[in-house]
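Could you build all of it, start to finish, from the sequences and the hints given here?
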Amino acid sequence: MVLSAREFSPTGAEDWENWGQFVEEQCQIGFKRFEQFMFQFALLRPHPAEPVKELPLRPSLYEMWFPWWHKLLATAMLALFGRNTFMKTTKALTPVLKPRADQHDFGVPFQLNSTSALFQEGDPVNMKSTLKKCKEESVSFTGALVATVVAAYYHASKVQGNPEPEGNFKLSTELNYNMRQRVAHPAEETQVGLYVAIAGCPFLGAEGVDMKITKFWDLARRAREEIVKHAKKPVLMGMPLFMMDQKPHMEAAGQFLGDYKVKNSVSGDVNISSVGRYMYKQEHALANNRVLTVENMHIFAAVPHIGTSVTLWASSMNAFNYSIGHKCNDEVGKALFEAYVAVCESTSLIEADDTMLDVLKRLDL
Numbered sequence: 010m011v012l013s014a015r016e017f018s019p020t021g022a023e024d025w026e027n028w029g030q031f032v033e034e035q036c037q038i039g040f041k042r043f044e045q046f047m048f049q050f051a052l053l054r055p056h057p058a059e060p061v062k063e064l065p066l067r068p069s070l071y072e073m074w075f076p077w078w079h080k081l082l083a084t085a086m087l088a089l090f091g092r093n094t095f096m097k098t099t100k101a102l103t104p105v106l107k108p109r110a111d112q113h114d115f116g117v118p119f120q121l122n123s124t125s126a127l128f129q130e131g132d133p134v135n136m137k138s139t140l141k142k143c144k145e146e147s148v149s150f151t152g153a154l155v156a157t158v159v160a161a162y163y164h165a166s167k168v169q170g171n172p173e174p175e176g177n178f179k180l181s182t183e184l185n186y187n188m189r190q191r192v193a194h195p196a197e198e199t200q201v202g203l204y205v206a207i208a209g210c211p212f213l214g215a216e217g218v219d220m221k222i223t224k225f226w227d228l229a230r231r232a233r234e235e236i237v238k239h240a241k242k243p244v245l246m247g248m249p250l251f252m253m254d255q256k257p258h259m260e261a262a263g264q265f266l267g268d269y270k271v272k273n274s275v276s277g278d279v280n281i282s283s284v285g286r287y288m289y290k291q292e293h294a295l296a297n298n299r300v301l302t303v304e305n306m307h308i309f310a311a312v313p314h315i316g317t318s319v320t321l322w323a324s325s326m327n328a329f330n331y332s333i334g335h336k337c338n339d340e341v342g343k344a345l346f347e348a349y350v351a352v353c354e355s356t357s358l359i360e361a362d363d364t365m366l367d368v369l370k371r372l373d374l
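Following our numbering, the numbering of the sequence shown begins with 10 at its first residue and continues without gaps.
One or more of the hints may lead you astray.
Label-pair distances were calculated between CB atoms; the ranges are [unchecked claim]: (1) 305 with 195: 21 to 31 Å; (2) 285 with 30: 23 to 33 Å; (3) 64 with 258: 27 to 37 Å; (4) 120 with 171: 24 to 34 Å; (5) 198 with 29: 25 to 35 Å; (6) 121 with 59: 20 to 30 Å; (7) 327 with 89: 41 to 51 Å; (8) 69 with 175: 40 to 50 Å; (9) 169 with 303: 17 to 27 Å; (10) 290 with 121: 54 to 64 Å; (11) 327 with 77: 35 to 45 Å.
The hints are simulated quantities; they were obtained by calculation from the structure and are not laboratory data.
The C-beta atom is built at its ideal place from N, Cα and C for all residues, glycine as well.
Structure follows, in structure tokens:
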């Protein structure tokens, strides 16, 4: 993660309009995991009159979450079944949206893949009405977001030219599950960083969704129930963390992969990441009695090696902030993102009996 601050003059409006491209380019710059810090933070300020309060260095999510026996069990399971499970899962995958031609297979030696970024800010009124509607329907926002992504993906598959599925529409889906307050002993301060585990929605890939008869809010409720159920299985939930940390990296990939290659480096269709509300101060005092105000927050991370073909983020401050990292053709990626934003911004207008196709038709998608 690189934190960088840039100041633009009034005459630099064109540069400001292209900030998304700047972020995309900077995030493509890789680092060597075992030789460089993954965090880079630069802060320029005058020497303070008072000592700066320094917060303690907190342990990793591994240490905060897993008891010692859990780590031993997960490591043993990974050693016994990790490679076969990894190969079986990736071989069986046929992505709904085709990766573009520049996406290399994942194998040894590693080759870098590009990730395209798009960003958009929502409307404050729509955010309030969406959260109110979710409460009325007894659905978490994340549950509604899952249903939104399924609808957007279905639309994008039509833009790509996919035929109508013979049965249900299936989507290999994973979610980033916020573990910040779900560990045994949460930190007292509001930590800066991403403390997430992977929670799945396996029913979307196994059973799929009948887009003609499944109601949007029923799917949102089902997704919420599945996420809660999955979160109660810490060994299962922790395995992706152990897998990605211990196996498919430069130090261990040769032994783990052998001559096996993952086509286009795609491990699934989509990762959904609901980051939540910005938790920190929004106003910061500057010199000459000026104030720096944080107005929005967009999330993006490039995936240079193996990962889902699409990652969709949602965060919030005064409104929802949306972003996507995708490896599809530009037209398809843009169609997916536009549908994602459109459905999410109009969630409050979705009636209790509206099916998934009803939602798309109302938005002319």
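Right, here's what the structure says about each hint:
1. 305 with 195: 21 to 31 Å: For residue 305 and residue 195 the Cβ distance comes to about 27 Å; the hint holds.
2. 285 with 30: 23 to 33 Å: Holds, at about 26 Å.
3. 64 with 258: 27 to 37 Å: Given a distance of about 29 Å, which is inside 27 to 37 Å, the answer is holds.
4. 120 with 171: 24 to 34 Å: Hint holds: Cβ distance 27 Å, inside 24 to 34 Å.
5. 198 with 29: 25 to 35 Å: holds (31 Å)
6. 121 with 59: 20 to 30 Å: Distance hint for residue 121, residue 59 is violated at roughly 45 Å.
7. 327 with 89: 41 to 51 Å: holds (49 Å)
8. 69 with 175: 40 to 50 Å: Holds: the Cβ-Cβ distance is about 45 Å, inside 40 to 50 Å.
9. 169 with 303: 17 to 27 Å: violated (37 Å)
10. 290 with 121: 54 to 64 Å: violated (36 Å)
11. 327 with 77: 35 to 45 Å: At roughly 44 Å between Cβ atoms, residue 77 and residue 327 fall inside 35 to 45 Å, so the hint holds.
Going down the numbered hints, you'll see the structure goes against 6, 9 and 10, while the others check out.
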